[in-house]
Amino acid sequence: MRFRLEWLASYLSGEVPDAALLREKLTSAGFIVESVEGSGAAAILDVEVTPNRPDAMCHRGLAREAAVSLERAFQDAGAGPLAEGATPADQLATVTIAEPLLCSRYSARVIEGLAMRPSAGVEHQRLEALELAVISGPVDATNHVLWDIGQPLHAFDLDKLAKGDDGRAAIVVRRARQGEKLVTLDGVERELTNEHLVIADAEKAVALAGVMGGLPTAISETTTRVLLESAHFDPGAVRRTSRFLGMHTDASHRFERGCDPAATVQGLDRAARLIVRDCGGTVAKGVIDAVARTAEPRRLTLRFERVARFLGMEVPLERCLQILRALGLTCDEAGGLIRVTVPTARVDLVQEVDLIEEIIRHVGYDALPETLPATYVSPHLDPALAREERVRDILAGTGFFETSTYSFVSQKENAPFESVAPGAPMSLQNPLGEPFEVLRATPVLGLLKTATHNIRRGTADLALFEVGRAFGRDTSGPLETRRAGILLHGARTHHFSEPPGAADFYDGSGAVAAVFQGLGAEPPRFAAADLPFLAKGRAARILSAEGKDAGWVGVLVSTLGAEYDLGDAVVADVDLMAIEPLPIPTSIEAPSRFPGSDIDLTVTHRTSVPYRTLHDSVVRGGPPELLSVTATSRYQGEKVPEGFVKTTLHLRFGSPERSLSREEVNAWRDAAAARLLALTETRVDGYEGAPL
Amino acid sequence: MSVPDVQALHVRWLGKKQGLVTALLARLKDVPKDEKAAFGAGVNALKREVEERLAELELAARRNDDAAAEARKAVDVTLPPRPVPVGRLHPLTVVRRRIEDAFRRLGYDVADGPEVETDWYNFGALNFPPDHPARDSFDTFFIKDGGTGDDKLLLRTHTSPVQIRTMLSRKPPIRIVIPGRVFRKDEIDPRHSPVFHQVEGLLVDEGITFAHLKGTLASFASTFFGGRAEVRLAPTFFPFVEPGVDVAVSCVFCKKAGCRICSHSGWIEIMGAGMVHPNVLAAGGIDPERYSGFAFGMGIDRIVMLVHGVPDLRLLFENDVRFLDRRWA
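Residue numbers (this note's numbering), protein chains in the order written: chain A, 1 to 692; chain B, 1 to 329.
Isolated chain A (complex conformation):
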């Protein structure tokens, strides 16, 4: 927001202040001066005024802050005398507020006998300096008043306003009729709804309240009679209109943030005086003043002891009072209670703490000491966050690069993965664009795009992960789950000593198993699955030991791979909260001192029989001494019938208490072989069985 130094200085005692000094002072009081253009009295300060300070969005208001900061006296000469003619204004126009909740006050003056000329004098220079068009006396005067004291005004051509039955121009503040149309000053025809507050004459809407006037009733070169509007509108009403119509004006900016409800007549008088000075004419007698609600200054009580208790620092009572009074607040102190009357312009001062801020703002934050609170809270570890952090460390420690990708993706990207989302797709009402319209079903979506990017930049061997949320919704509302997305592409490692091996399904399931192991859970199980985005036969559901669905892993289906310009990509998505870590053991046994016994069983079985079936049939019914079962080799080819495969199972037996005898191990081995042979169409090397 632009401010002219000379204009600010007109409200300060003494010389025009140094722009650099004022810049420093205003900035430390919370009004950041972003730049200073030009020099001397004509310098322009570009100031960031926060939305809670509409009172400082004008020269008089900011000068009040400058006066306190510079320790100068604040002075306001006011409008000066305004000569009025004999004709009473209320014989020329009437004002009715039909929406008293949306407009607390509407004040109007009429000026007759004008000859249109642009503004002159310092006001002309000021408007140009603020890059405002200099148009005609009445319009320039309203702009000047807005930037001077913050009161937005509007000037109607009185003769263009439709008159009521009594022959007077009839101003009504009302809601627009549904579908009512108005061409605004910018030449655009606006279609309004009942939500919008308008100024109407006896027939039609003539202005959007607090936003912009209408073109048909605007001042023109031939205008001789003007009705000046100076009103106070409800911030919400103005905001609804300006947002709905996409119009942001100097007036709406102030009304939305809150104007001084008591400044309407001041604004009229200042404008009328300028108009008559520049365009001649006579101000009709009196103000047509419709008051729906009188603005009472707010009264607050500041407990002086609260200042030190809140700041952690003593500020002498006299200093507190001095600052508050310099800001224009009336203060009476007795027995440690400061009774404060807040000027109506200060819409931001509503509570005791707001007054404490005024004090520390002008004392300066540099004066605050630095202390540490003695608060003690017994520590609490969020298990979900701890789990996420652990998974990041596990995956980064096993060779994966952590990524950070957007939470929203395109509808098209998301669609193939909808079946594994936490719920139905959840879209944005106002996305940045088509590529970002739906919240992702899985973080793997971001990894796929990341892979594409890296491959195009020349890195095709990739191991990526992201720990983040997947989204969906059901009738209960939005659903979010904590996931680890994993992607492998190209070779897992490269070394001159061995041929490169592309990452395959087992690298994916291995990474998933590492996550389970790292979290202290039983190893996951993998169940063959049919998922639309994974290659058939290389896709699995991840199941926790208790059988809970914990995500999926597999090779990306080639059609999707082609869309992302990928070769065989191994992808996985783990639902972190579905993993069930075991309690940390409280009694760890020493490893057995007795040697164990290892044996192999080689089974020929149909390829359609999963390894898991062999494994489970060996384990179930096995003795407590059976410590582990794993697969050590797979063979298909010579001497193995078509459709069959030879799997070698490695069994380890052991006991913490004794050495195992050859006889008992052999018996266990025979029993395990028998269980394997009991499966359909199996043979075990070294054992009798039906021919395959």
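Don't read these hints as lab results, they were simulated from the structure.
Treat the hints with care, as some may be off.
Said to hold, decoys possible - With a Cα cut of at most 30 angstroms, we get these calculated DSS-like pairs of lysine-lysine:
id, chain 1, residue 1, chain 2, residue 2
1, A, Lys412, B, Lys152
2, B, Lys144, A, Lys412
3, B, Lys29, B, Lys47
4, A, Lys204, A, Lys160
5, A, Lys449, B, Lys144
6, B, Lys16, B, Lys29
7, A, Lys181, A, Lys160
8, A, Lys25, B, Lys256
9, A, Lys412, B, Lys256
10, B, Lys29, B, Lys73
11, B, Lys255, A, Lys25
12, A, Lys449, B, Lys185
13, A, Lys181, A, Lys204
Unchecked claim - Chain A is faced by these chain B residues, among others (derived, beta-carbon under 10 angstroms):
id, residue
14, Leu54
15, Leu106
16, Ala211
Even glycine gets a Cβ: it sits at the ideal position worked out from N, Cα and C.
Knowing the structure of chain A, use the given hints to seat chain B on it.
Just chain B now, with coordinates in the frame of chain A:
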């Protein structure tokens, strides 16, 4: 001399049939009686001598053979090592953890909450009235068919809703930091992203003062940046705190002399902060007459850019592995 050579020597000198020393011993019977003892002692001494010499020779020969075998197994140690896969944490994680750790040392717990929030948690409870311009700087993504009013669903624009959720679920004293992903409808450019990350902090207790806030942030800055950082507060406005301040710390990289990192100002603006607004405490079910508190919030992405000189925010979301594979810690 190889091991077989030594074995041949052994046969020649000590062989049971034709060994030279063995032959001498065989002649003992021909030695006159009174010389027998001296002769025998002489031959035994010789035998010991030969045995020792042969043992030495054999040891040397064995060493020699081993060395030859080893030489055949020698490698070029300068060839690249076989890679053991080692990944990396994302810089956003690394820096977030550094921020969290600095606060953990001060006793803060870490908390989080949902990314899809309601209007009330994101705005209403945080003292943003409906239709208020203060919402303008929080350009918000709304969920399609996401309801209306307080329950209207949106993507959280800050992690502050977790402050409310925590206040509603725990009694004071409360002392938490809240890291998390947040969303604002900003176009994607080198300095803006519709997805970014924050760490917020909240402390609520009896007798909490503005000076506590300043001291806490100074302590954080010193831990995080190293060295003794000064804190400078400047008044600003956030609806959920009163007073609200912008927080700058003295540039520890140039000791306030001015450098690239601080844009030659000597100060680095790192966060917003303030005393929790009484309306926010009340919304969190906490009596503002009895308790006070402070809150602060910083952008992790911005701090990554700042401390690592990352020129473009988009690099953090592009995930080029050549970028990720840098020393972030």
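Item to complete: Let me know if the C-beta of Ala211 (chain B) comes in closer than 10 angstroms to any C-beta of chain A, holds or violated.
Response: holds, 3 angstroms
Worksheet item: Does the structure keep Lys204 (chain A) and Lys160 (chain A) at a Cα separation of 30 angstroms or less?
Response: holds, 11 angstroms
Discussion item. For a C-alpha distance cap of 30 angstroms, please report whether Lys412 (chain A) and Lys152 (chain B) respect it.
Written reply: Holds. Lys412 (chain A) to Lys152 (chain B) sits at ~26 angstroms (cutoff 30 angstroms).
Discussion item. Quick check on Leu106 (chain B) please, does its C-beta sit within 10 angstroms of some C-beta on chain A?
Written reply: holds, 7 angstroms
Discussion item. Does Lys25 (chain A) sit within 30 angstroms of Lys255 (chain B), going by the straight-line distance between their CA atoms?
Written reply: Between Lys255 (chain B) and Lys25 (chain A) the Cα gap is close to 24 angstroms, so the pair holds against 30 angstroms.
Practice prompt. Classify the hint on Leu54 (chain B) as holds or violated, based on whether any CB of chain A lies nearer than 10 angstroms to its CB.
Written response: violated, 41 angstroms
Worksheet item: Within a Cα-Cα threshold of 30 angstroms, do Lys181 (chain A) and Lys204 (chain A) meet the stated pairing?
Response: Answer holds: Lys181 (chain A) to Lys204 (chain A) is near 9 angstroms, not above 30 angstroms.
Worksheet item: Lys29 (chain B) and Lys47 (chain B): Cα distance at most 30 angstroms?
Response: holds, 17 angstroms
Worksheet item: Can the restraint linking Lys449 (chain A) and Lys185 (chain B) be considered satisfied, given a maximum Cα separation of 30 angstroms?
Response: This hinted pair holds, its Cα atoms lying about 21 angstroms apart.
Practice prompt. Given the hint that Lys412 (chain A) pairs with Lys256 (chain B), test it: the Cα-Cα distance must not exceed 30 angstroms.
Written response: Violated, at roughly 51 angstroms.
Practice prompt. Take the C-alpha atoms of Lys181 (chain A) and Lys160 (chain A), compute the straight-line distance between them, and say whether it is at most 30 angstroms.
Written response: At roughly 17 angstroms apart (the allowed maximum being 30 angstroms), Lys160 (chain A) and Lys181 (chain A) satisfy the hint.
Worksheet item: Has the given pair, Lys25 (chain A) with Lys256 (chain B), been kept, meaning a C-alpha gap of at most 30 angstroms?
Response: The hint holds at about 21 angstroms.
Comparing the model with each numbered hint stated earlier shows that hints 9, 10, 14 do not hold.
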